[in-house]
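> Below, each chain spelled out in residue letters.
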Amino acid sequence: MDRRKYLKTLAVGSVGAGVLLQACGPEKSAPPSETPKAFTIDRTPDELVREQKLISEQFFDAHEMKTISILSDIIIPKDEVSGSATDARVPEFIEFIAKDMPRHQTPLRGGLKWLDIQCMKRFDADFASCTTSQQIELVDEIAFPEKAKPEMQQGVAFFNLMRDLTACGFFTSEIGIKDLGYAGNRPNQWDGVPQDVLDQYGVKYDARTLAESVKFDA
Amino acid sequence: MAEFQIKKTPKEYDVCIVGSGAGGGMAAYVLANAGIKVVLLEAGPMYDPAKNVTQLKWPWESPRRGASSPYRNFGDFDAAYGGWDIEGEPYTRKDGTKFDWFRSRMLGGRTNHWGRISLRFGPNDFKHKSIDGLGDDWPLGYDDVAPYYDKIDQLIGVFGSKEGLFNEPDGIFLPPPKPRLHELFIQNAGKSMNIPVIPSRLSILTRPLATNKDRGACFFCSQCNRGCTVYGDFSSSSVLVKPALATGNVDVIPNAMVREVLTNSTGLATGVSFVNKEDKQEYTVTAKVVVLAASACESARLLLNSKSSRYPNGLANSSNVVGKYLHDSTGADMGGILPSLIGRKRYNEDGVGGMHVYTPWWLDNKKLDFPRGYHIEYWGGMGMPGYGFGFGMQGTNGKYPGRDGKQKEAGGYGASLKDDYRYFYGATFGMSGRGEAIAREDNYCEIDPNVVDKYGIPVLRFHYKWSDYEVKQAKHMKETFKEIIEKSGGVVTWGNQDTAANDYGLAAPGRIIHEVGTTRMGNDPKKSVVNKFNQAHDCKNLFVVDGGPFVSQADKNPTWTILALSMRASEYMIDQLKKQNI
Chain A
1 MDRRKYLKTL AVGSVGAGVL LQACGPEKSA PPSETPKAFT IDRTPDELVR
51 EQKLISEQFF DAHEMKTISI LSDIIIPKDE VSGSATDARV PEFIEFIAKD
101 MPRHQTPLRG GLKWLDIQCM KRFDADFASC TTSQQIELVD EIAFPEKAKP
151 EMQQGVAFFN LMRDLTACGF FTSEIGIKDL GYAGNRPNQW DGVPQDVLDQ
201 YGVKYDARTL AESVKFDA
Chain U
1001 MAEFQIKKTP KEYDVCIVGS GAGGGMAAYV LANAGIKVVL LEAGPMYDPA
1051 KNVTQLKWPW ESPRRGASSP YRNFGDFDAA YGGWDIEGEP YTRKDGTKFD
1101 WFRSRMLGGR TNHWGRISLR FGPNDFKHKS IDGLGDDWPL GYDDVAPYYD
1151 KIDQLIGVFG SKEGLFNEPD GIFLPPPKPR LHELFIQNAG KSMNIPVIPS
1201 RLSILTRPLA TNKDRGACFF CSQCNRGCTV YGDFSSSSVL VKPALATGNV
1251 DVIPNAMVRE VLTNSTGLAT GVSFVNKEDK QEYTVTAKVV VLAASACESA
1301 RLLLNSKSSR YPNGLANSSN VVGKYLHDST GADMGGILPS LIGRKRYNED
1351 GVGGMHVYTP WWLDNKKLDF PRGYHIEYWG GMGMPGYGFG FGMQGTNGKY
1401 PGRDGKQKEA GGYGASLKDD YRYFYGATFG MSGRGEAIAR EDNYCEIDPN
1451 VVDKYGIPVL RFHYKWSDYE VKQAKHMKET FKEIIEKSGG VVTWGNQDTA
1501 ANDYGLAAPG RIIHEVGTTR MGNDPKKSVV NKFNQAHDCK NLFVVDGGPF
1551 VSQADKNPTW TILALSMRAS EYMIDQLKKQ NI
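Top to bottom, those sequences are chains A and U.
Mapping the first sequence onto the working numbering, position 69 (from 1) lands on 69, and the numbers just tick up by one.
Just add 1000 to wherever you are in the second sequence, counting from 1, and you've got the working numbering.
Fair warning: there could be bad hints in the mix.
[To be verified] Sample of chain U residues at the chain A side, in silico, Cβ under 8 Å:
| hint | residue |
| --- | --- |
| 1 | 1061 |
| 2 | 1172 |
| 3 | 1176 |
| 4 | 1222 |
| 5 | 1343 |
| 6 | 1347 |
| 7 | 1390 |
| 8 | 1398 |
| 9 | 1411 |
| 10 | 1417 |
| 11 | 1421 |
| 12 | 1423 |
| 13 | 1492 |
[To be verified] Simulated pairs of lysine-lysine, BS3-like, Cα-Cα distance not exceeding 27 Å:
| hint | chain 1 | residue 1 | chain 2 | residue 2 |
| --- | --- | --- | --- | --- |
| 14 | U | 1540 | A | 215 |
| 15 | A | 215 | U | 1399 |
| 16 | A | 215 | U | 1526 |
| 17 | U | 1579 | U | 1151 |
| 18 | U | 1532 | U | 1127 |
| 19 | U | 1408 | A | 147 |
| 20 | U | 1057 | A | 147 |
| 21 | U | 1454 | A | 78 |
| 22 | U | 1307 | U | 1151 |
| 23 | U | 1487 | U | 1367 |
| 24 | U | 1345 | A | 204 |
| 25 | U | 1532 | U | 1307 |
| 26 | A | 178 | U | 1408 |
| 27 | U | 1277 | A | 53 |
| 28 | U | 1345 | U | 1011 |
| 29 | U | 1213 | A | 215 |
| 30 | A | 149 | U | 1408 |
| 31 | U | 1191 | A | 53 |
| 32 | U | 1540 | U | 1526 |
| 33 | A | 204 | U | 1191 |
| 34 | U | 1345 | A | 178 |
| 35 | U | 1408 | A | 78 |
| 36 | U | 1307 | A | 215 |
| 37 | A | 53 | U | 1532 |
| 38 | A | 99 | U | 1057 |
| 39 | U | 1366 | U | 1057 |
| 40 | A | 78 | U | 1579 |
No lab work stands behind these hints: they were computed from the structure.
Owing to the predicted nature of the structure, the values given are computational and were not obtained by experimental measurement.
Beta carbons are placed, not taken as given, at the ideal position from N, Cα and C, and that holds for glycine.
Could you put together the complete structure from these sequences and hints?
Listed below in structure tokens is the structure:
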């Protein structure tokens, strides 16, 4: 492959990503784009120092963030129930996790590069610059671990990590929790499994359990 | 003039307590209510679960979605300040052995995030040497401790059910919550296996305490490890130290890292010296009685570091037993999936902060190849998503038919994958065994001759090896867990790959955070550190009221017994102070 063309393609990829985040290399320390929101959860003074340091850093460059955004929306797209991974700000979550858990940095950065190289060889464009059908063609080769070709295993490992982080980021967001239907995290009275669910599974509380368990005023 | 000086705290106290967890908090509560002037030293900051709130927060309020961090080892919402490693406060290990030491540095210590599992020791647990010849008997028995368990049940509150099991004594219980759906499946499995699966016993107020207007009843958010804004569960900070402070008889000195116990020429304790972590200055405080409750290992460290010409190998250590007989619970885990719960209906299943049912030890060791037992803790269901949610879906979604009844290719992406996370949510469950290890002299902590912490205090060095007894117990746990999972209608998904090569998944010593035994009690001053009132044999105005005095730890979580023995020791102290014996 023509190395200069390769670099140029990657550079073009970077320019278009300005809307996502300010373009800056990982070697430069970027000022935070906005004042970080104050924590609503208890933090010790030592924790706050570390949190502020993490928030003030930028790990992924603009091209990497663009690629992460495209991938995360391929993994968790908008559907009839809820919005997409980017709607739930999953790329920002992955950026934070890479800083918070440095063990993920090389697998993520290297995996993104692996993906671009594969696309350059096949389609003469980095992943983000490929057409949607080209992107899906490549993803199909790394998204199914049990049928992926041996030479795609590094891509499978990367995609497994992206799938984990994307789904986790999505279903721990406000949009995702609502989608999932998690019904707790609010004051309530636990009075046992609803009757229709007990019936569905053919189980019941025995007389002793009913007699001895905590009861609530109706 | 020297640039370094030691400041004397002007006030003189009756009792100085080091540590504000279960043992120290209870001592402060009992002594203060008897009108005794107490100074309570805590190595961490003040903490109040109603002010330092992580409860009822959503995962997105943590940028790491609740994942653990170097400052919150049990997750970003967990109440504990401290962890397995604390910057500037190292510990070391010897001879290639393992021991992990969890320390909370905060008012209330580790009670702020503990599992609230509040089990009484039974009659056998105090006299196990008489039963199987291993370890030692306690110098007291269940009947000596039972009245204190009764008082604690009423003072603090614990739910449970009367079962009439000999070695699992019933308490004075609040009503338990009904089992969750997967817990009903486990109960059915237990019936078919002849394993008891009974209501758990947790110190959580399912009903308000009639005698206490400062604490509210549980509102079933399942988040006890985050502390509770209505004080609906037991933490030493909220349930003991706060009312102790309200008596006006207690001064708390937070951020006070105690260096050593001070003694006079007659060998009596006169107080302690400490470094204030905030102003970095050195202080001493004097008291008629010194009570150590810094945690089993931290109190042993303090004694070993309190050397003088009279006590050349450390205070209260003429027996040379301080630091020895260290033992933690055994632990092993397994998890599975309940295919019948895939695609389940949604409802609020949070319940209390922990299991609603558990399995007490049920077998006769005469028929087994290991001594002592274990209890089983269960979890599962539709919990609040946090970091790690959905990880490894490629290992699940290719194994079970989808909503349309068709088998999918493992992994994937897109709308179909998105639906898989909904589909499989709430179908996993699992269990953990927590068992009794044999206390052995050659499992110990000692002072590392070469290493000090950032305050210049010599640190602990651990030497701990599991024996064949504990490994065989773990093997038995794993075999039992597999059967429970399968008889519940589940399929094992992890924890079933263990062999002799990894001790059958037996957790490294220290990981269960039940470490006890380092200042064990006994009638013989040559073989024990304290007597049956937690009073040092060598120094009559020195007491140890944490897990250190445990002779053996039973297959029970130690907190309820720490509380009972601390209350008992405190009443003895009051009596001895009145009689001017100390």
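> Failing hints, ascending?
2, 5, 12, 13, 14, 15, 16, 20, 21, 22, 28, 31, 36, 37, 39, 40
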